[in-house]
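**Student:** Residues per chain are reported as follows:
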Amino acid sequence: MSVAEPASRPMQGFRRSEKPGGAAGVEILGFPQILFTRTFGDPDMLFVPLLDAAREAHDTIERLCERGEKRENAVMLSGMQLASSLLRDSSFSLVARGLAHDNSYTVDLEGGTLLVQTRLFAVVSRRTSFFKVEIVGKIGGGGMFVVRNPVQNSVIMQVEEDKLRLPNFFSGTLAQECLRAQMEQERFGRIEESVGAQANQEIRMIVPVAGNKVPVILRQKDEGGSWDIVDGRRQEWVGTLAREMETPLQAVLAAVKDLFEHK
Amino acid sequence: MADQSNVKLPAAEMASVHQSERREERFALNFDVQVSGIDSEGSVFHFTVQTRNVSQWGCGFVSPIELRKDDIVALRVVSPEEPGALQRPAIRFQVVRAEPERGGWGIGAWKMDQDDAWGIELDKVTQPQRAAVEFRRRETGAGKSDEDGDE
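Protein chains in written order, with the working numbering: chain V, 1 to 263; chain G, 1 to 151.
Just chain V, with the same shape it has in the complex (with noise of 0.2 Å):
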């Protein structure tokens, strides 16, 4: 009998892309060092057979909980198979806290979430976008996994569980997510620069359209006139708004200027 390597042994995992994938440390939430690799760091390497080990770990501690262990000492040791598991590739190694690195994995087995934070790029028309983002979910399986922009604090996508196990997920299809997205960023960027440029009075808003959030603008050029309806994506003129509903809208935009006024 030998101790810590899981009967399913899922950190073999591991060896399933030829390619290298980069550097990543791997934080077992109060285990006391982190976990280094400098060769299988990519999600697209580590994150299902890293999800696989601490799902493993996560049933250990349910298991071991109801056999009457205490549930502080069952995460403990359950964090310590995992550890251990992971040790068992030549690729990982301990290493103090406090370093950054380029990929990095988070897992909370008491909570029960895994967390990754890493980086990814496209390319398009010769022209590289970098994107940091940040996905988590529950370890227990069965939930979505929510993909983060971290510093604009915003949810670029949620994806099912399946799809992250897809061959080159993360720097495919998530990488071009995230292009998208940014994409549509920088279209409503460039409306807020056109503020004031054209138009008489002017309300944004969000609309959302079949899952999508679509930005609208309504747009009225000179004073008394007509308002038009734009789709801010490609800044195309979609329509006119009804009259019958300008009296409401008229009514919301004498509201707003009457408390700026006595602000």
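No wet-lab data here; the hints were simulated from the structure.
Beta carbons are placed, not taken as given, at the ideal position from N, Cα and C, and that holds for glycine.
Keep in mind that the hints are not guaranteed to be accurate.
To be verified - Here's a subset of chain G near chain V, in silico, CB distances under 8 Å, partners left out:
no. : residue
1   : D32
2   : I38
3   : G42
4   : V44
5   : D71
6   : I72
7   : A74
8   : R76
9   : M112
10  : D113
11  : Q127
Mind docking chain G on chain V? Use the hints.
**Tutor:** Using the frame of chain V, we list chain G on its own:
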């Protein structure tokens, strides 16, 4: 030239220091320790053994079950003379040497946590095993593998 064995690194560095730098004094002290971990079947094991020797950051003992290099185990000093000893927190150790020997596996282990494992100042209880320090220093200087650990 300063005696390297007397150079004290900060605790945070000692926890992850390269093993060739671990030239600590060892003391032939026999602590009763409870060793805990999870075996390959996913079951918790606990067994109690006596240390062969200890240092501030390491210890050696004979395990009745197979432990392998890089296994991580929790050690807790269990001393019948000290009523509160069982309340001591478990300290994580990394197995840095494991060799089969009569009666089990000879284990050298290195402390991972910064907490004090032994609860006493070792050099106030007994004299260090100076020969062992000199031996390890010579071994390391001769380019031996740095994975000898304690024991």
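**Student:** Failing hints, ascending?
**Tutor:** 1, 8, 11
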